[in-house]
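S.K.: For reference, the chains in residue letters:
Protein chains: 2
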Amino acid sequence: MINWLKETGEERDIIVSSRVRLARNLDSCFFPGRMETTTAVKVYQNISEALEHKTFQSFRLKDIPEIERNMLVEKHIISPALTLTPELSGFAMNQNESQSVLINEEDHIRIQTLTSGLSLREAWDQADELDDRLESKLNYAFDEKVGYLTACPTNLGTGLRASVMIHLPALEMTKEINKVFMTISQFGLAVRGVYGEGTKALGSLYQISNQSTLGDGEEIIIKKIENLSRQIASKERETRKRLIERNTVLLEDKIFRAYGILKHARSITADEAVRLMSLIKLGVGLELITDCTMNEIDRLYVDIQPASIQYLQRQEMDNMERDVKRAELLRNSF
Amino acid sequence: MINWLKETGEERDIIVSSRVRLARNLDSCFFPGRMETTTAVKVYQNISEALEHKTFQSFRLKDIPEIERNMLVEKHIISPALTLTPELSGFAMNQNESQSVLINEEDHIRIQTLTSGLSLREAWDQADELDDRLESKLNYAFDEKVGYLTACPTNLGTGLRASVMIHLPALEMTKEINKVFMTISQFGLAVRGVYGEGTKALGSLYQISNQSTLGDGEEIIIKKIENLSRQIASKERETRKRLIERNTVLLEDKIFRAYGILKHARSITADEAVRLMSLIKLGVGLELITDCTMNEIDRLYVDIQPASIQYLQRQEMDNMERDVKRAELLRNSF
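For the record, the sequence lines run as chains A and B. 549 is the number of the first residue of the first sequence in our numbering; add one for each residue after it. 549 is the number of the first residue of the second sequence in our numbering; add one for each residue after it.
Isolated chain A, as found in the complex (with noise of 0.2 Å):
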């Protein structure tokens, strides 16, 4: 599970993972929202095998019970859209699952790439090698004056979409956050928080992506992307040092206490559970914690969510029976 999550990579106390998902379309058959159940088949088994069978494996969606969907998506391998009609889509996705390519989603072809920490040249060289070798076999909707087609206008062009998943615990802690923010839409990128709903960012986990994909050409939109997350992630480390060195007890006791609970509670909920490992991450960072890994914290992320769980355990389990089996979980854990 996770296989693409390692210990090395740029950044990697900050930067959990690097991002790549281009949009694709078949010139020969309607965008899969107008698209026939028939024809949406013949997709299927024409882009599964466009994909080499040895490195890729495809499953149509229907075939997939529900838990194990809901896993996929907690882990990023598939979108929730795809999960709307499943008797239309699929996936394929490579063995240690960082790369997939999703069928019949909004365009007939997601091709998406994960590398971990601030990595996005290797995720978009992934990405660019799988597509010229779909390319090499299926006729992509393609217009000389605009780019690629998609059904979405935004996706236009480059269908690129590169993002960077980071940690700011200290610019939060130091309300510095609002700064960078704006810093970041004066780039043109967005920000969004990666659990949570609306601004509240839970755990302190943001991603940082390209809002056009007009324009520029896929080589900038990486290399803004990357630039602004390196200096975003310098400038989060300079303020760890900063707060651990002015505030060490308050700092220590509040990464200790998260510490304490995650180790011995006997029910929690995700969402608990995420706030008190961004504190873990932070101080697994700072090397206050030494007796788990980055990586070892990042897998958890994905496997304390409510379908991973039950996934995990091969049944079928209510809010409270998660609750106590993810504390259970992360007991065993730390």
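Since the hints were derived computationally from the structure, they do not count as laboratory data. Misleading hints may appear alongside valid ones.
If chains are identical, the list can't say which one is meant, so a pair holds when it fits in one copy or spans any two.
Each computed DMTMM-like pair below joins lysine to aspartate or glutamate, with the alpha-carbon atoms no more than 25 Å apart [claimed, not checked]:
#1 873 with 835
#2 727 with 793
#3 685 with 645
#4 610 with 597
#5 623 with 819
#6 693 with 866
#7 789 with 876
#8 802 with 866
#9 802 with 869
#10 802 with 819
Position chain B relative to chain A; hints supplied.
M.R.: Chain B in isolation, oriented as in the chain A frame:
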């Protein structure tokens, strides 16, 4: 320290200690409130001589450093009132600190005995014996009709205040505590929180004592408090069983989170510690926590108090330093 605390003792899972206090005065001089310093010193000498020196050691309060005085108050060996007139007052205590005699507090003599669990009779017997020893050597102010004469009329007659310290977290959780309070006052007894101010008892620790010293004889007062305390303890025990059977996860979660915080916090106030230790006591009582004993926790209640922390460290500390030392002490205790 606090050697009177034993694992054994009736109802030890719920009743911490039993306590007897006798107010006595000499008939030869004014009550301490109206006494000259020279008289006070003489009274101190007479009383300390009347105590056997082998088992009791006497101190004038002016010779005790301030931190140590406050530590003795936190241990309930001396009273806050005794520290108000250090030039006049003094005290004597035996080696295991289970018996003390306050000299020139509100009355010339306050005999205090402290025993473990529900053992008021034992505490009374010890106080009575000490009282007889003193009475054989000193002339008490005594009136045939009223009984022992005291500075304040609320202590007239027997001069006896008997009390038990009882831990009632389950009755608090189920909100049945108010019914218990009503029963206590119907029996003409008083109840108050041991920690915290006003009616809110911090850490669910209560003291039940007699309100009246006139009318009933000593035997009746002791019996009444013993019987009622035994009934309340039995009700608390039943409620604990019911809670753990019906809300296992909820209760275990509360208890182990408290444990996790006490075991890992880097800074903690006395109030928070008392609140959390109450859950640990409950956990030990329910045999959920087995790596510390009731005795160890009950000692901690005293050791974590502000003056005791400083006394143990042999240095003056401000609030924040104490919170850090307290957290360290607690971490090392679990």
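S.K.: Starting from the hint list further up, note which numbers the structure goes against and sort them upward.
M.R.: Number 6 only.
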